[in-house]
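Student: So the protein lines, in turn, are chains V and R. Just so you know, we're using the working numbering here: the first sequence kicks off at 1 and counts up by one. Just so you know, we're using the working numbering here: the second sequence kicks off at 1001 and counts up by one.
Among the hints, erroneous ones may be present.
[Stated by the list, open to error] Here are the computed distance ranges between Cβ atoms for each label pair:
1) 1179(R) to 79(V): 32 to 38 Å
2) 52(V) to 1073(R): 39 to 45 Å
3) 1094(R) to 39(V): 22 to 28 Å
4) 23(V) to 1072(R): 22 to 28 Å
5) 24(V) to 1072(R): 45 to 51 Å
6) 1164(R) to 50(V): 47 to 53 Å
7) 1072(R) to 31(V): 54 to 60 Å
8) 73(V) to 1065(R): 28 to 34 Å
9) 1163(R) to 43(V): 40 to 46 Å
10) 1101(R) to 43(V): 30 to 36 Å
11) 52(V) to 1028(R): 35 to 41 Å
12) 1178(R) to 39(V): 46 to 52 Å
13) 19(V) to 1190(R): 32 to 38 Å
[Stated by the list, open to error] Sample of chain R residues lacking proximity to chain V, with all beta carbon distances greater than 10 Å (derived):
14) 1012
15) 1070
16) 1110
17) 1113
Treat the hints as calculated values from the structure; they're not laboratory data. Glycine residues also receive a C-beta, built at the ideal position from the N, C-alpha and C atoms.
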Amino acid sequence: MSHEPMHHVIRLKRYEQPPEGYFDDFLREFHHRQRAELLKPSISSLVMDRFSALLSEFRVPTMAFAGTAAVAVIASIAILSQPVPSGGPRTLAASYQQPPVTIPKMQPVSLRFDNPSERPPLFPPYYMLNARPANHESPLSF
Amino acid sequence: MTAELETTANNDRELVARTQEGDPSAFDELVVKYSPRLYGLIYHMTSNHEDTNDLLQEVFSKAYRSICNFRGTSSFYTWMHSIAVNMTINFLKKRNRRQHPSLNDPDSHIENDPDFIAATSNGDPTKEVSIHELQKKLNAAMMKLSHDHRIVVTMFDIQGIPHAEIAKILKVSEGTVRSRLFYAHRQLQNSLHEFRRK
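Just chain V, same shape as in the assembly:
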């Protein structure tokens, strides 16, 4: 289907024009707006003015802030230039890993001795602490 008919109808909109004299005044209004923009301060200059006013309220020398800012920058560079450990959390955790500890299953022991033959001997228990190791000698022996 040809769209030629629609083209002819839509073209009629070009007859819609602004009021007479509009374009003669347009340039004049453009100049007026340009001059108004030049007089209007920019946002950045407003922020700087406010900041300067705040500084003067605290009676801080202007150069002090420059020095503080310089120190802050140097400190930031120093911190950021620190070498980052090559191992991540995973590697560090892995280095501390040990074989899991296995606890042998303990069998419950009954303290009741129904059978006399099961009674332990009446000898006193032998404690290892009573025996001296062979290489132990009294420090005062000569």
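Using the hints provided, position chain R relative to the given structure of chain V.
Tutor: What follows is chain R alone, placed relative to chain V:
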């Protein structure tokens, strides 16, 4: 049309160079030259004279602030139209959809246009459609189109800009321009079936 565009490009190059060298009167000449064309582009997108005036002022302000960065890789014509298209579409996206149109009165010469006569009579001499009625219907049909489709209709059908130039302005392929036009015309046909020429 291509030869005309080439002559325009040469003249523009000289005016842009003078503006970049610090001669504001050269930019004034560009404003005078392009304001009618860009007015039409913005007006047919917004259907509001007041919005068009504000937008057109902002378009030229932006162009003046950016002209030092204009390197001439495209023609000034393409560059200006791109700025106008982008700013207009951004404006439309932010604007309330229920904006009332503020239409300009059509020039009285429309009554002698054969297309107008054909569209309003439609072969039936007893049927009379007023200019304003036609204008309202055309405007309503255009406003139903998406921004992408309305801009190609505005540039091709209303302003007579060739497909290739529209493609450069919109930074799309010529095929995309043609397919958008085809779709837009089909949509407009549905809205304006009573005004189609037989």
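Student: Mind listing which of the numbered hints don't hold for this structure, in increasing order?
Tutor: Violated: hints 1, 5, 7, 16, 17.
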